[in-house]
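A.B. asks: Protein chains in written order, with numbering that gives the first Met the number 0: chain A, 0 to 345; chain B, 0 to 345.
No wet-lab data here; the hints were simulated from the structure.
One thing to keep in mind: the hints can contain errors.
The list treats identical chains as one, so a pair stands whether inside a single copy or across any two.
In silico DSSO-like pairs for lysine-lysine, Cα to Cα no more than 27 Å straight-line [said to hold, decoys possible]: (1) Lys159 with Lys195; (2) Lys312 with Lys120; (3) Lys338 with Lys116; (4) Lys195 with Lys116; (5) Lys334 with Lys116; (6) Lys338 with Lys114; (7) Lys195 with Lys312; (8) Lys334 with Lys120; (9) Lys230 with Lys195; (10) Lys195 with Lys104; (11) Lys312 with Lys230; (12) Lys159 with Lys120; (13) Lys230 with Lys114; (14) Lys159 with Lys104; (15) Lys120 with Lys230; (16) Lys230 with Lys338; (17) Lys120 with Lys195.
There are 2 protein chains.
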Amino acid sequence: MRLPRHIERSSRTLTSVWCAIVAWIVVASILCGSTAAWAQSDPLPSWNEGVAKRAIIEFVTAVTRDGSPDFVAAPERVATFDNDGTLWIEQPIYVQFAFALDRVKALAPLHPEWKDKQPFKAVLEGDMATIAAAGEHGAAEIVAATHAGVSPEEFRQTVKDWLATAKHPRYNRRYDELVYQPMLEVLAYMRANGFKTFIASGGGIEFIRVFAEERYGIPPEQVVGSSIVTKFERRDGRPTLFRLPQVNFVDDGPGKPVGIEQHIGRRPIAAFGNSDGDLETLQWTTMAGGRRLGVVIHHTDAEREYAYDRQSKVGHLDEALEAAALDRWTLVDMKRDWKTIFASRQ
Amino acid sequence: MRLPRHIERSSRTLTSVWCAIVAWIVVASILCGSTAAWAQSDPLPSWNEGVAKRAIIEFVTAVTRDGSPDFVAAPERVATFDNDGTLWIEQPIYVQFAFALDRVKALAPLHPEWKDKQPFKAVLEGDMATIAAAGEHGAAEIVAATHAGVSPEEFRQTVKDWLATAKHPRYNRRYDELVYQPMLEVLAYMRANGFKTFIASGGGIEFIRVFAEERYGIPPEQVVGSSIVTKFERRDGRPTLFRLPQVNFVDDGPGKPVGIEQHIGRRPIAAFGNSDGDLETLQWTTMAGGRRLGVVIHHTDAEREYAYDRQSKVGHLDEALEAAALDRWTLVDMKRDWKTIFASRQ
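If we strip away everything but chain A, and leave its shape as in the complex, we get (with noise of 0.2 Å):
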């Protein structure tokens, strides 16, 4: 059939038109298809591309691809995250001491001998230097008096209350708001891909479990940390367990490999830690043969979050830097690998 010019030459239009319009949807189907498949197997959207980046991605598809040689059974896919630094904040001081002082103005009421005691009366005064100064024996005197003396149920209860409405100095949020959301990022990632993701703090065992289950999908007993002596009661008849003030273990330097073990039962394949603090357990995982991962946070940025290691008392840096440069442990730049510094709360 010959239509009339007109008509074919408008019909050839319509045709270039429908054409076109196909065409369009087809190529655009695809870029968004592609972009959307992008999106889906980035895991780790708030890295920037980079070493650190490209190491982690790495790592778990050489340890987690089926035929690959270094393919290791989901069993054995252990990770550990050391707490504060590797993932939430921990300067100017580490979150848990600033609800040891907290609780210290809190109970002062019951302890009129606080006003003309040290520590206590620093900390009342807020007078940081003496605090300081008083080292390790003040610092034991004020974890009895805030973390002792109660049962593990209403020492959580406290810390819940606490979190609940104290806020950091600087951010004016939330300290369970100041949890690092590249971080967040990895957790995910390395569950997703058959990892038991465990926290090897040297913080208190007790404190961490509080939040690590909502604000990193870590359950109570895949916390390992510090402890004081717990001891059982019967208390009027009822079976209780009492928190003593008196040091259980020091999950920390050397005791962390220690914990891991006593806690896990397997060596790690994976850790992540920022201070000198995880040394050991860093060498004690990437040393064991096989592929392995070690991977050291370095704050770097100063003006999204703090820049601080050698000089630092707070997640002093220093062996562990230099080690991961010898050992080839993967270091983190914040300031250069994270696009994101605090996850925003769900």
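Use these hints to put chain B onto chain A, whose structure you have.
C.D. replies: Below, chain B without anything else, positioned relative to chain A:
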């Protein structure tokens, strides 16, 4: 339409036959269906019907059914199981003690002095009375000689090798074949209902970890037990853990709730035990308010296994037997309640 009578009759007959067949199929499929459903719905096939089986199923149903007044959220569904005498055999001597005695014999060529030194002399001569008379001090010496001086990895390998060859004197079967089939069903049933299952044992944590994952489906990090001190060391530059001949923690009696709290960070809602070493754990678990389950396995079957309680040194059950009645714990009578005792090895 009216059919001729003979056709009408045969048609009616045919209809009846068809009806009968259809009816049979319907009835049969209802019967088969319900049998299948029943078989599927019995999560504890090795348990005889009775109070004990019913108590376990009713508890699990009550805490897991949506809308139940006793509903417990999945993360809080923590169940602890004693090991010796609760999940596997503990007579005539604790399996770990049998391991220690065998290790003394295996190590004797390296220790010629043991021929004249107690309690080793008694072990080498099979003189059980003298070993028993050596008491706690003697036991500590045996543990030190057989459990320390190696890394956790080396120790686990030694246990693994021993388990592969050692045989129970009465059954002439591997010890890890003498796990209780009805308890494996309880473990699987509870896990299928969102419980996390933990071992809480007076036995050595590293010893149990060797077989708990394969035999019970309980991974190393869900084993709570007694331990000796472990130390971090650098040996020829290699970071290592090293087991010292020194008790770290005794996870028995009043120590068991402490170990559970330390390790799990949650109070169990169900606890299974079989001896006075589980008394405090059963009390602490069941006296917390809310629907709770306490179970005491009573060894009553001398024919298929062993019958013992108040008079036995191994698995001594006296106070917890009294308390079971007072505190309404579920008493399992092995002879009456268990169809099968041991699990066949897959």
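A.B. asks: Which of the numbered hints are not met once you compare them with the structure shown?
C.D. replies: 3, 4, 5, 6, 7, 8, 10, 13, 15, 16 and 17
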